[in-house]
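Colleague: What follows is the residue order along each chain.
2 protein chains.
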Amino acid sequence: MAKEVTNISDNYAQWYNDLVVKAGLAENSAVRGCMVIKPYGYAIWEKIQAALDKMFKDTGHVNAYFPLFIPKSFLSREAEHVEGFAKECAVVTHHRLMSSPDGKGVVVDPQAKLEEELIVRPTSETIIWSTYKNWIQSYRDLPILVNQWANVVRWEMRTRLFLRTAEFLWQEGHTAHATREEAIEETEKMIGVYADFAENFLALPVLVGKKTASERFAGAEDTYCIEALMQDGKALQAGTSHFLGQNFAKAFDVQYVSKEGKQEYVWATSWGVSTRLMGALIMAHSDNSGLVLPPKLAPLQVVIVPIYKGAEELTAISVRANEIKRQLEALGITAKYDDRDNVRSGFKFAEYELKGVPVRLAIGPRDMQNGTVEVARRDTLQKQLLPQENIASCVASLLNEIQENIFVKAKTFRAENTFEVNTYDEFKQQIEKGGFVVAHWDGTPETEEKIKEETKATIRCIPRDGKQEAGRCIVTGKPSAQRVVFARSY
Amino acid sequence: MAKEVTNISDNYAQWYNDLVVKAGLAENSAVRGCMVIKPYGYAIWEKIQAALDKMFKDTGHVNAYFPLFIPKSFLSREAEHVEGFAKECAVVTHHRLMSSPDGKGVVVDPQAKLEEELIVRPTSETIIWSTYKNWIQSYRDLPILVNQWANVVRWEMRTRLFLRTAEFLWQEGHTAHATREEAIEETEKMIGVYADFAENFLALPVLVGKKTASERFAGAEDTYCIEALMQDGKALQAGTSHFLGQNFAKAFDVQYVSKEGKQEYVWATSWGVSTRLMGALIMAHSDNSGLVLPPKLAPLQVVIVPIYKGAEELTAISVRANEIKRQLEALGITAKYDDRDNVRSGFKFAEYELKGVPVRLAIGPRDMQNGTVEVARRDTLQKQLLPQENIASCVASLLNEIQENIFVKAKTFRAENTFEVNTYDEFKQQIEKGGFVVAHWDGTPETEEKIKEETKATIRCIPRDGKQEAGRCIVTGKPSAQRVVFARSY
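Just so you know, the protein sequences line up as chains A and B, in that order. Heads up: the first sequence runs through residues 1 to 490, numbered per my numbering. Heads up: the second sequence runs through residues 491 to 980, numbered per my numbering.
Hints should not be assumed to be uniformly reliable.
[What the hints assert, rightly or not] Once the Cα atoms are required to be at most 27 Å apart in a straight line, the calculated DSSO-like pairs of lysine-lysine come out as:
(1) A/K234 <-> A/K250
(2) A/K57 <-> A/K428
(3) B/K577 <-> B/K603
(4) A/K383 <-> A/K428
(5) A/K259 <-> B/K679
(6) A/K411 <-> A/K428
(7) B/K547 <-> A/K336
(8) A/K87 <-> B/K544
(9) A/K22 <-> B/K749
(10) B/K512 <-> A/K57
(11) A/K54 <-> A/K189
(12) B/K923 <-> A/K113
(13) B/K577 <-> A/K57
(14) B/K547 <-> A/K47
(15) A/K309 <-> B/K623
(16) B/K946 <-> B/K918
(17) B/K512 <-> A/K104
I should point out that these hints are in silico values taken from the structure, not numbers from a laboratory. Bear in mind the structure is a predicted one, so any value in this text is a computation, not a measurement.
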C-alpha cells in the first residue's frame, strides 16, 4: 500500500495528496472544490474538535448556531470587510426547482427568484452582529463569549484537500465586550489557546505574532496568528484571532448603556481554526511510509497484530492479545486487535504505518513462549521486544514519549530552518531554499509589497516574543526595531 | 419573567413560541425561515448530539462529512426521490459578487454564472451514493455504516422555530449493505435506537411503526418512524429510518462483486433526526411556568440560590453552598451557585423555572441553623426540606426520579389521549378533540386520502407492536387485519 505514495523528496505536493487519499482521510467530490471527509479523516477532526471545544468552554465560551445564509446587503455594511473579502462566494438566487418542460430532469423555476440574493456564509461576522444588536442593551449583557462550529464556503479557484477547499469546516468565535482592553485581552487569550492546542495536541510548534496591516483580516484592527513551518520549508497559517475594534458594532449599530449610563459602541473579536489544521498535521509530521499522527489525535492509538501459522497458534495468541487490548483500554487507550485472515501481517504493518497508528504490537509463537511482545513505534519506525507483563503501562508511557518526540522533532526542524538574514541578497537566496527567514523591515506596505512581488515571500508575522533589536530594513535600509518573519506560504 | 409566557390553555402555539424565545433557546434571524439557535438551546442540542452519537458508535457507525452542495442533475437521477421531494430548495447559480456600478454595495457578477446550478442539500442520498460508487467494489467493502452531522435546507413557506425551519441541523445515517435482509435489519435497528433515545433521554414515549406508502420518504421502499404525542393532542414525527432497497444503488450504478463472484446492486438505508427533536422536547413536557427539561438533557441540572439579608449571612451561606456544589459536581452533576446581588431570589426562582432547571436548592439563615436545604423540583413544582448532610446523593436520586417521572407523566398523557374508534362518525368527533385515534383502515391510498381531506388527519404509523385483530375499515367497511394510528400532526 505505502508503495503507492509518491516519495516526499520527489514531489512534496503529490506526496501530500497521495497520503490524504490513500490513508483514507479525504477525497475530491463531484462538486468542484468541495471535499468528502472520509471516516478516518473525520475521526481525527472529531478529536481536534473535542479538544478545542473543551478549551473554549474552560475559558468561558458557549456554543450557538447562526444561519448558513447572509443577505447580500449585510456584506456591504462594513466597508473594509466587503472590500477585502466576500467576493468569491456561493450566491443563492432561487428557492425552487421544477420539472423540466421536456420531462427530463429538473430546472430552476424562474418564478422563484429571491427578492434579495443570499450568500452562503464565507464567515459570519455580519449575520452575527446583526443578531447581537438584539442581545445587547446594557453592560450587564456583556461580555458575549460565543463560538460556532460550522461549514463555510469561499469559492476558491485552485483547491487542495484540507488546505484550500470551497467548503470547509471550522469554528468561529465571536465575542462582544464593553471595553477595548477587554476585547484585546480576549483576542490575545484565544491566540494563546490556539498556540497551546497546536503545540500540545497537533505537536506543531508555532510562532505567535501579529499580521502586518496588509495581511490583516478584512475589517480587523489587528490580526494575531499562529504560523507553522511545513517540511517543504513553506509556512502555513494555522489559526487567527482578530481584534475588530468597533467596526462591526458601528456597521450594525450595536450599542450598550454603560454603568455610567452612557451609550457606547461594543468592542468585538473573532477567531477561528478550520479543517486546514488537518493539512498542517499531515504535512508537518508524515513521511514516506505514510501518516505520523500524534497519539492524542490518533483515532486508533495501538494495533495488535498476530503472527501465526495455523488456527491453533492463532487461538492462543488471540487470547493473550485480547487480554492486552483490555488492559490498554482500561488505561483509556484506543486499541484494536486485527486478526483478519485474508491479508498477511506484512500488509497489515504497511497499512497501519500508512494510517499513522502510533504503536503497533506484534505477537508471534516465540513471544508466547518467552512472554514478550514486539513493540514498533510509528514516529521512529523502531522496534523493541518488551515483556508482556505490564505492557499496557509501558505502552501508555510510550504514547506520551511519541507525542513529545514528534513535537521535538518538528521544533528541531523549525530551528534548523529558521534563518536570520541581514541583506536582501541573502534574503533572496534563502527564500529560494525555504524556511522562516527573519529580517528587518522598515514597516511600510510598499516594501512588503516589493518583497512579495520579487520573491513570493510574505511577512508571516511580527513575532509576539521577538526580541527588540535595532536594525536596518534589508530593502530600504531604514531603521527597524524588530525583525519580522518572512516565508513562502500555503 | 414567566409571567410573559402565554398561558398554555389560551394559545398553545403562542405558548410554545414564547417559551422558545423567552427561555433563550432560539429566535428568528434576519434570513427568512432560518433560526438562530441561542447558547441555551444549543447546549441542549449538544447533549442530544452526544447521546445519539455514542449510540451510533456503539452500534458500529462512524462519522464522515459530504459536500453541502448537490449538482442539480443528481436530484433527478432517482425518479421518485425528485418527484416527492426536492423542489423547494436553495439554488446556487453564481459564484461571485462585484462592487455595484453605482458604488453602493455589491451585486451578483453576471460573468460568474455556474455551468450547472448547485442545490444546497435538502438531504444527502444523491451526493453520498455518487461517492459510495467509488468506495464499493467487493463484498469486502460492505457494509458501510456512515453517519453525518450537518445542516440542511428545505425552503419551507411557513416556518416555526425548531419544528419547521428553512435551515435545520440534523444527522443523517447512510448505510450500504450486501443483502436486502441486512439492510432491513439495519433500518429496524436504527428506528430502535431512536425509540430508545426518545424514551430514555427525551423522556418521550413514542410509537414505533411503518409509514403508509403515501407517507414514505421519496425513494424509500419502507419508512419506519417514531411518533410522539404533544400536549395539544397533535402528533409529531420525531425520527425516521428508511429502507431504500436498491433504488439509489441503481440510480448511481453502485455494484459490488459478491463472494460468489457475481455483480450485484448494493442495498441501502438512511435514517435521521433533527433539531425538530428540540420542539418535541419542549412541547411534550413544559408548562405555564416554562420549560421542563429531563435531567439527562438539562445543560444545568441543579441551581443553588442563597436567601439572605446582608453580607454576613451571604458569606456563611456561600461557604456551605459552594461545598454542596462541589459535592454535586463530584457525582457528575452540573450545578451552579447563583449569588447575583442585583436580582431578588424570587426573580431567580422564576428564571430557573422558565429555563427548566430540574432541581433548585435554596439555603437561608434558618437552614444554616437547622442544617437543612429547601429542595424544589421543577417537574412537580413541589418543595421539601432535606438535611444538608448527604444532600448530593439525595439530589442524584431525585434527578433520576424526575427523569422517570417526566416520562411516566408523558406516557400517562398519551394513554389518556389514545382512542380506539370503530365508526367514521366516532373518528371525526375524536379527531376534532385531538389525540391518537386508532382505527381500522382498508389499506388503500384512496381511503387514506379521503380521510385526510375530510378530517386533516393522517395515518401516523402502522404500529410495529400493534396487535393483529380482524376488523372493518371505518370508511369503506372493507376488511382490515390491524388498526392503524391516525392524528393531526405537526
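Colleague: Work down the list of hints and note, for each, if the structure agrees.
Modeller: Right, here's what the structure says about each hint:
With a C-alpha separation of about 38 Å, the suggested pairing of A/K234 with A/K250 is violated against the 27 Å cut-off. Using a Cα cut-off of 27 Å, the hinted pair A/K57 and A/K428 is violated, with the two alpha carbons roughly 45 Å apart. Between B/K577 and B/K603, the direct Cα distance comes to roughly 21 Å. Compliance with the 27 Å bound is thereby established for this hinted pair. The suggested pairing of A/K383 with A/K428 is violated, with an alpha-carbon distance near 43 Å, which exceeds 27 Å.
At roughly 57 Å between alpha-carbon atoms, A/K259 and B/K679 are farther apart than 27 Å, so this suggested pair is violated. Annotation: proposed proximity of A/K411 to A/K428 holds, straight-line Cα distance about 24 Å (limit 27 Å). Proximity of B/K547 to A/K336 is assessed by CA-CA distance (about 15 Å); at most 27 Å being required, the pair is judged to hold. This hinted pair does not check out: A/K87 and B/K544 have alpha carbons roughly 40 Å apart, beyond 27 Å.
With a C-alpha separation of about 25 Å, the suggested pair A/K22 and B/K749 falls inside the 27 Å cut-off, and the hint holds. At roughly 24 Å between alpha-carbon atoms, B/K512 and A/K57 fall within 27 Å of each other, so this suggested pair holds. Proximity of A/K54 to A/K189 is assessed by CA-CA distance (about 15 Å); at most 27 Å being required, the pair is judged to hold. As the CA atoms of B/K923 and A/K113 are separated by approximately 41 Å, the hinted pair breaks the 27 Å bound.
Restraint check for B/K577 and A/K57: not satisfied, since their Cα atoms lie roughly 40 Å apart, outside the 27 Å limit. In summary, the hint linking B/K547 to A/K47 is supported, as the alpha carbons are separated by about 14 Å, within the 27 Å threshold. Taking the CA atoms of A/K309 and B/K623, the gap is about 36 Å. The hint is violated against a cut of 27 Å. Proposed proximity of B/K946 and B/K918 is supported: the alpha carbons are some 10 Å apart, at most 27 Å.
Taking the CA atoms of B/K512 and A/K104, the gap is about 49 Å. The hint is violated against a cut of 27 Å.
Hint violations for this structure: numbers 1, 2, 4, 5, 8, 12, 13, 15, 17, all remaining hints satisfied.
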